[in-house]
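Protein chains in written order, with my numbering: chain A, 1 to 119; chain B, 1 to 916.
It is worth saying that the hints were derived from the structure and are not from the lab.
Misleading hints may appear alongside valid ones.
Heads up, simulated BS3-like pairs for lysine-lysine below, C-alpha to C-alpha not over 25 Å straight-line [unchecked claim]:
1) A/Lys81 to B/Lys43
2) A/Lys83 to B/Lys65
3) A/Lys93 to A/Lys24
4) B/Lys748 to B/Lys550
5) B/Lys420 to B/Lys65
6) A/Lys81 to B/Lys550
7) B/Lys522 to B/Lys748
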Amino acid sequence: MPKGTDEPKRSEVLQGTLDLMILKTLHALGRQHGFGIARRIEQVSQNVLQLNEGTVYTSLLRMQQQGWISSDWGASDNNRKAKFYSITKAGVKQLARECEEWERISGVIGRVLSLSAEG
Amino acid sequence: MFSWLHVLAAKMRGSVRSGHRDAEFDSEIQAHMQMLTELYTSKGIPAEEAVFMARRQFGNATVLKEHQHEQRSVLFFQTLWRQLTLAVRQLLANRLFTTVAVLSLALGIGANTSVFTVLDQLILRLLPVQHPERLVMIWSTGPHLGNNDGNRRVSYPMYQDFAKRATAFDSVFCRTSEPADFSTGNRSERVVAELVSGNYFQTLGAGPALGRVFSSSADDRRHMGHPVVVLTHAYWVSRFAADPHVIGRKVLVNKYPMEIVGVAAPNFSGVDPYDAPQIFVPIQMAPVFTLGRDDLGNRRSQWIHVFARLKAGYTAHSARASLQVLFHNILVEETHDPELRTASAYDLQKFLRRNVIVEPAANGYSELRQQYATALMVLMGMAALMLLVACSNVANLLIARAAARQKELAIHLAIGAGRKTLIGRLLVESVLLSLLGGAAGVLLAVGGSIALLDFIPESERVMLHARPDLRILLFTLVVSVGTAVIFGLAPALQGTRLDVWTTLKNSTGSVVGTSGGVRLRKALVVGQVALSFLLLAGAGLFSKSLANLKNINTGFTDIDRVYTFEIDAQKAGYGISQARLFYARIRDKILTTPGIQSASYAMVPVLNSGEWDTRIAVEGHTPKDGEDMQAYYNALSPGYWKTMGIPILEGRDFEDGDRAQTASPDEKPNVAIVNRAFAKHFFGNASPLGRRIGFAGAHSDPTSARIIGVTENTLYEGPRAGVHRQVFFAFMEANYPLSATFYVRAAKRSSEVLPALRGIVARMDPNIPIYDATTLDEKLATTLSTERLIAMLSIVFGGLATILAALGLYGVMAFVVVRRTKEIGLRIALGAKQSAVLWSVLREASMLMSIGIGIGVPIAYLLGWYASSQVFGVTATDPSLYVMAVLLLAGVTMASGFLPARRASAVAPTVALRYE
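Same shape as in the complex, but just chain B (with noise of 0.2 Å):
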């Protein structure tokens, strides 16, 4: 069964003391040829017949000895050296070829390495936990009739459902993150708190590196009863310095009392790898961090994630298909809720139609991913062609040398080299090239990778990195080698398939290609060129995404001179009521600062893809079925549309006089302004001044609101989801969970404005942090980061596969008019015209380059629907996209072809005759 092995075995061991071995041999032969002898003699033959004949019987020695040696060893890694030194010395013969090959592979594995660098950390890491291949994660789609926080969360009575009643798991968790102010001693610094539930470390595999962790016994059981913190190991490591006295301390976190049990495992942070928190907390805590709002029974309210742990035997899809039968029955449950009585049959029977969804999770789940993941499967994809077209070019050149050494190898072949030994050892020049273009190409990617780093905003990338470890550098080489196998087999099948005798008939010293060399080349070139228009093509197609999105009217106006930064009172530990006057005082201190326009706040952060949307009442409107009610809100303070530089259309602008009488928690708005979007859907052309609306559902009066402004049209998450229908309430009475974000209008752009903010704060209170302080286009660049990227790198990749395309055709044509040189003297010397023979090589070229684009442009057309959903305002099939890469490549190539033809055109018929 084994018995190759044993064979390798032996043979590994025999190629030890190889010398050794031979002599050994060889006294064994000497040996049996003696006995022989002997054997005959003692017959009575005379001695020198004797010999003879022994040697007869015997055989061939020297033979025989030769096959031992090579029987004994790995023949393989001798002839492997040889070929290599070989190998080596003939790249060192011809630099210019070598470079040019080695830069072209660079180039192609560099821009390879670098994007595997940043997916490989993004998408392929699985989670450091047990088994994270029976990890799920569970969410569901379809109308919730309800709050919302984010993307594929769960409602907490939900996830209790799930744990308790579903059938295909071990076991079921839920977690989300939140930040958090935390203090000890007298400092006190915002980090990200992870809220989990009991069994979440247990389910995970993660235990303790000091103290413990939670448990579904200890941590899980009461409604604000665990106050209790796990730091991470990072986190502990940072910022109490392993301080291993660090359990039992009594810290504050958003100033509640708690006390730290335990320190999580080392490589332990969490389940979403690029959000990494510093400390975990019992989600019975959450209260402490969603101020204002306790969503732990609120069916309607949708915060958490869920995972869970699949039973022996279940796949994601066998346990999607039993939860959706207790999903549904759920639903049923809560339709008889009193939040969902009003709710009109239509929008139920959407509501009972809901899906739930079982998606496998061995590596998390991270918003940063879900942003980034096609955009890398894009460009992964984009650098995997450029891969190819550097491939070809390298094929290309090692064909055009096997050509130029089509003598050297008909020798070898004549004087008995095997077509293996040959295709062997110009594999091995493959390979070597490759790897020199590896190497070379690691050296880039890393280089690369930052630059893509860079595309990422800085807030994000925490956790990226772009050095290349093990793992990258194993990709490199796979990738290394199976380009040299691509590139090299060809040429090297080629090029030994020699007619040994016509090729050293000819003459010495003329270059003479079989007319398979160059049919294949020009194949070559063709793909080269087909995949160069996919590239140009996908170039256009996103960077002309990413102008839309860059032209798209934001609906504010000189946005590069509104400066924006975050506070967040509530968390350092001010009520509702004291906060509100905070921040009324940090704007009012802000105002009486020279160089300042104007300021304001808003409790919705925009262009921060961060949104606050819920269903609407309008007073006197009756929703139809299927009309969409969601409307986007956002809570204001006076001076915000100055601020942001939007036209208020009609009506006027929040005072302070609209602040409510009292703050108690129940206050309704009294007033709202509303942008043009909403006013035209719900009241066409009549004034919606003096119009009453209000949030739908569970408030007895639902439209408490009465409009006073109308202001133009803004974007709000960002530009992709555009323009919504959007309301705003006065932040004077706004009760919820209260971070303000401030915008300040100075006269002019300039680096003192941010500091001179972060001054008036903190004198105000020295314990608030500041954090996203930036200006408003650097948050419009930021919510384009991943257009930007791949615009940006396909521009690249694009261009670099043009470019190696046009070296390839050009290498192509001159090595064609070479071989033509002759004929094209005699048809000088014949009397042709120099335009007829510049026209006639540049028509080859141009033949080469129709094909190409002939067969890349329906390609492209079907690539195109894989992209779609990159693009903003442009589809994937616009012929305008199109017409700009052709022209674009058949100016490339046109002038690289242009080149070799003016060189055959001006061909010295005298010289040409004589050529040989």
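Isolated chain A, as found in the complex (with noise of 0.2 Å):
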């Protein structure tokens, strides 16, 4: 599929960081359909996030069997069957940990990144 070079610049969603989003997505809101989480995350990421929407899927999986979310059947607003996902507890404690995790490596990357030049 070629790109359309006119296409505003925007970042490949970073590797694992997807979990993270999502498990915050349903924590902050609760019970999702993919195409919910899809578009809180565009919303919130003011479009500079390139992601294909189907990957939430392959990530939703596979948190899901880790036990870090749970799904369930329900119709969505414009009372469509739609497969519902939520946050279970060990997808709290998760995110936590991954919260900590990600400050932590942000903080290092910030601090190097604001090494000045003559020190």
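Could you fit the two chains together into a complex? Lean on the hints.
As structure tokens, this is what we get:
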């Protein structure tokens, strides 16, 4: 699929961070379907992140197998049958762990980047 | 932590109703797409454009579905199934290959499984008792200055000292086993009785199935005070038909009245699983079993086995260290005993340097195991080597096939199959092959184990069986899969390392091998030759050792018509003098039987591994420090020398007139016969006739016996032990527990002799059982059963390995010749002689063989030391063995190299040059 040259520059979603974003979304908004999660990430990222929405499902399945989220069938806003995901207890713990990890790393990277040349 | 478990569980669940979940996911995606499309149309984008944008936004749905499907299920199983069916098809398509490979593996695995079946039962099984790993056996080494009744024996007072004073053990118990005459009602039979200390059952954690078992408080207090019997469960079932009213029944054990008080738990059969008793009796009753002798208080008689349960925190090693101190103190106390007052300072010094040994005994103690353990270990090693040879062979075949399938593999790689997938596929094929081989191997192993057990004399193998059980099947499974990985991995790695482009470029139909494939195959053949060399050298070593033992001069003549049987009148209730007369009357009866040339009897059966040895006193001879004063005894009836065909060199045989006038227990022997080795050591060239000898030690008159004859040397326990200095007393003068082993020389070997002899004994007293009835040459063969076992099997293993190696070499050389067809054709076209071509191929084959042997020789040399304890009269590094093995291997490998070589030399140049 050739890429249009006129598209704005967007960043690839970092490997592993999608899980974190989805967990956080579910934690913040509660029960959501895949479409809703994708919308939320799109909205929050303000179109900076380039996201194949399909990959959300890969992530969802992976986390479900880890036991961090659970799913059930329900009706969407316009009464369509949809699968809803919610975060589990283990998921909340995992989210806390990953947040901490993320902050630690981003802190380190931030410090490295802020080193001045003359130091 | 266990997240992979979560995932696996989820995947397992996912694998079920996989199709249903695929459909679910489909609808989920569709819903998402629709919502996306609606989102765009709601922003005023035309419907067609909106669908396109939604698709782009979502990404490749097909790939996603595929990934979801894989992620959701345990892909492994599905792929495995697919690969399995593929592999089956491959194996069926190539039947010759499959047959050869499966047969090779079946031989290798079968050999290993049969040896393991026996090894497992004899060596690896733990006793079915509580915490067998905390059990240890205690005994000691060094000169005990007294009598010893077998391996690892301890005196009873020493056991009591250990039990009271040792700190490293929760409890110490002792046992020994004795044959006994057991009768209830009017039926009497011979059983094995295990004499045990009172704490025996508690320490082992074995309870009763009925009634009670012994306890220290009730059954170990008074000398001869506990006439009670516990039956083994098996004996209770077979002899008493599991009668619950057996408790309280009065029985006679060696004619001594006792009472049955209990039946032991079903799976409990003592600490020697291969000499399982039928009854247990408290050890305080030992004098009932060792008639005419009471060693319960005798520190100079070692006759019991001592076991203990380690205290928590102790290992066998640390327990030994603490016990050694106590042991030494006991020895110091013993030196003050009257029995040791006459011992020389030199002997006492050595006596005090004795060491106690504490060894883990989780599988109990068994003479049978001691006898066969090393042999079985050696055989297991040889079987493993043979399996390696078989593996190399199959690996070789697989490489050849991978080479033939290169195109197919290259196409797979070219159209996108991963190398991992291909390797997996090839490995599945290997595993399937080796499982087939394993299955065939198990069938072979049943036959193999039966054959193996045939080498163990019937009387000794009662508790062994050839049935493969779950453990054995598990062993075979592990071996098979392990084998598959060993022989399958290299070819799979090799076969998939392809230059796809060049392989595909070559015209179809040609057989092209990468040079690496051939190099690996050659290396495998070299390995096979080296391993075969090891096995052949071993086979040579063991069979030469066996031949040496067989050819050793026994000193007996025409032993194929010397018949022997054993009876024990005393155990059937005869007193000592009664028994002596009974035996003499049987001999008289036998002598009047037609076809019998002579008859006699001895107290200790010869060629039976047993012995009677103790220190000798020789009048006028002062033992030098370190001089071996041990002599080996027997007590004989008149006629022994004539019956056994042993020449009397000087003097005469015993006569009935030599019998002692009275038969009091203090009677000392008046006359003795010695063998040549004894005479030579003590008297040199002077005649020993008239000189006086006797038992050293307690007697006030140690040299009571006058030497009346000298005879030629003969074997005693068996060929391995060789000739000892021997002293013979008249049976009529012996006052020990009297069983008698009869020897009868018949005019010719006949199957009627033994029944006739049985008839004579039965007519004299129907209550006396006869046992060990056979011929003397069979006795001799029995003493060599271990040696024969190793020799025969090592020949089989060596032979099979050589055949497999030859097959391997043939395969490689044939392959090389095909690859070189064009080159050879060119050479012939250019005028090369046929013989030159033949030689060039043969040279390559002999090169491989030489390298293999070159590797094998030093390894064989190194392994030699391990085998040296097993061989007799031959050094493990005997060059003649090596020469034999080399010649045999050279012959076979040259033959297998010759066929391809001849084919090469017969190549027609025109055909070869067109060949592509």
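Item to check | Numbers of the earlier hints that this structure fails to satisfy, in rising order | outcome: 6, 7
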